[in-house]
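Numbering-wise, this note's numbering puts 170 at position 14 of the sequence shown, and it's gapless, one number per residue.
Some hints could be false.
[What the hints assert, rightly or not] Computed spacing ranges between beta-carbons, pair by pair:
id, residue 1, residue 2, range
1, L183, L213, 38 to 46 angstroms
2, F210, D188, 30 to 38 angstroms
3, F187, F212, 17 to 25 angstroms
4, Q214, V160, 34 to 42 angstroms
5, Q169, G197, 19 to 27 angstroms
Everything labelled a hint here was simulated from the structure, so no lab data went into it.
Backbone N, C-alpha and C define an ideal beta-carbon position, used for all residues, glycine too.
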Amino acid sequence: MKLVSDIFERLPQVWVLLGLLFIAAGLYLGFDYSLVWIYFGIGLVCLLYGALLFFFLQREGRPTSKGRTLSRDFISIGSAVPMSTQDKDAGDS
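I would like the entire structure built from these sequences, with the hints used as guidance.
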């Protein structure tokens, strides 16, 4: 499932790149070519669609898992410091 979510996160960039490629192709063909305005129109639509997708993905937010949550008082085993026997004997007197 991680692969699918990574692909969906990159879709706005793909649409923007596609729009830029259409605009670049229109500029490459030149204004003497009769279909150059169609290239520019498709490129502009792709750019706007990519921006719209980006806006909606940002508005939706990243999915967060509600898995295991630890309390603030949780102490991991690695952070516990064992008491030495000398400290224990010193506290008895």
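So, going through the hints one by one against the coordinates:
The given range of 38 to 46 angstroms is broken by L183 and L213, whose C-beta atoms sit roughly 29 angstroms from each other. Checked against the given bound of 30 to 38 angstroms, the beta carbons of F210 and D188, roughly 34 angstroms apart, stay inside it. For the pair F187 and F212, the supplied restraint of 17 to 25 angstroms is violated, since their beta-carbon distance comes to about 35 angstroms. Range check, Q214 to V160: about 19 angstroms between beta-carbon atoms, so the 34 to 42 angstroms window is missed.
One distance hint, 19 to 27 angstroms for the beta-carbon pair Q169 and G197, holds here, with the actual separation near 21 angstroms.
Of the numbered hints stated above, those contradicted by the structure are hints 1, 3 and 4, listed in ascending order.
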